[in-house]
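Let's have the full structure, built from the sequences with the hints guiding it.
Per the numbering used here, the very first residue in the sequence shown carries number 1; after that it's consecutive.
Think of the hints as simulated: they come from the structure by calculation, not from any bench. If a hint is listed, it holds; no wrong ones were tucked in.
Below, a list of computed lysine-lysine pairs in the BS3-like style, where the Cα atoms sit at most 30 Å apart:
no. : residue 1 : residue 2
1   : Lys-356   : Lys-244
2   : Lys-305   : Lys-65
3   : Lys-302   : Lys-12
4   : Lys-65    : Lys-356
5   : Lys-115   : Lys-183
6   : Lys-65    : Lys-12
7   : Lys-115   : Lys-12
8   : Lys-65    : Lys-7
9   : Lys-244   : Lys-45
10  : Lys-302   : Lys-244
11  : Lys-302   : Lys-65
12  : Lys-130   : Lys-7
13  : Lys-115   : Lys-45
14  : Lys-356   : Lys-302
15  : Lys-115   : Lys-130
16  : Lys-106   : Lys-183
17  : Lys-356   : Lys-305
18  : Lys-12    : Lys-356
19  : Lys-45    : Lys-106
20  : Lys-7     : Lys-106
21  : Lys-106   : Lys-244
22  : Lys-244   : Lys-183
23  : Lys-130   : Lys-106
24  : Lys-7     : Lys-183
25  : Lys-305   : Lys-244
26  : Lys-65    : Lys-45
27  : Lys-115   : Lys-7
28  : Lys-12    : Lys-305
29  : Lys-183   : Lys-130
Here are the computed distance ranges between Cβ atoms for each label pair:
no. : residue 1 : residue 2 : range
30  : Pro-192   : Ala-134   : 36 to 46 Å
31  : Thr-58    : Pro-14    : 19 to 29 Å
32  : Lys-356   : Trp-32    : 36 to 46 Å
33  : Ser-311   : His-247   : 16 to 26 Å
34  : Ala-134   : Leu-342   : 42 to 52 Å
All C-beta atoms in this analysis are idealised placements derived from N, C-alpha and C, irrespective of residue type, glycine included.
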Amino acid sequence: MFEIVEKQVQLKFPPGHHLHCMLCQIPNRIGWRDSVCRLLDPEPKWRQIHSILELVATGTGNLSKLHFLIFPEASLPFVHIDEALEEIDRRFRPNTVTILGVEHIKLRTYLGLLKQFAEDNQEALQSVRKDLAAAEIDSIPVNCCITAIKEADGRLRVFLQAKRHPFFAEETIDPFHDLYRGKIFPLLRCTPNGFNFMSLICLDYVYRDLYQSNITAVIDKANSLFHQTRQRLDLLCVIECNPKPEHRAFRDVVNGFYGEYLAYTPGVRDTVTLFCNSSDQTTGLGDQTDTQFGHSMVVMHKNHKTVNAASDEYQTDDYHGLPVCRLRFGTETRLYFFNLPLFHELDPRTTRYPLKIHAIYEEQGGHWGRLADLANEQAILKHDFTTAQRLDGAETRKGTEPQ
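Okay, structure coming up:
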């Protein structure tokens, strides 16, 4: 069964100010090795991920205030987990959250990871031990993700979770194509700010069985949080390596998550949902003419105000008539850097837009360069800058020269 466990972390986010997030839409080259789905190019892949970690660690300006760094599903080679965590621990700034999808590993290997970080993963560790005691399943694959949190005092916390939804290869008679189904999902509760967030791995967002729906469990937990503490689920991160990121199943769940159909859901009304997918250079998974990777997106309730915008890199819409505002990115390999909205910025009297893109980066010879051709802010296209400069004294006005 899907069980959400609360975990307390010390993250001192700036009060009254928006948070900053980077979605890493990078490609995966996937293939079958040792009866599991692995990355075919682990060393080049690690160099790419390391270059992103380097960009964040050395970033200046707004980038120095990054709070959430999110990678796609199955993007981190298992052999480089310790190096990635060491890099985060040694070089990242305090109050930083990094979510990393890990390539498939065997269940016995996942058990070793849980033991390595047992202090923060007791519930998941006990769950896996119970499952291993009940059946001979130590060789089945696990699709997992890591949430690495560098707390305000510099301490590194590492939370693990295994994907619950079976992937397409499970629909065979080969037992090694079965996928271990995780049962423990952490809800990270940040103090002293009262910010709450969760992560899910791709189809866990839409998965349900005869007894329970994953997303309903998330909504129920968030509602309980609201009624007991007046806090809510602020952020839901869905990491993907999804050849059909806009499949009808995802749209239907988004509709139910933000729509008021059966009951009022105050716990998720102001939740920001991030979908971080791999880019269109991904291979080895659903290589068919009707598949298309990419289109990472940000989804908010319709009460948030967003400006109508469209460019080669992104567009805003209502997800084909849903009660939401959506920022939809393209399919290419990109890093998208933007701010996370604050729910109190929904005041209808304000003219501020709660969601803004700060930068988009593209890969340039092993490094990341900022795109210079972002569309102008739609709200100021017709602004008369010449008049503004004259009125604010930037240029001497006629008749006011000193005598």
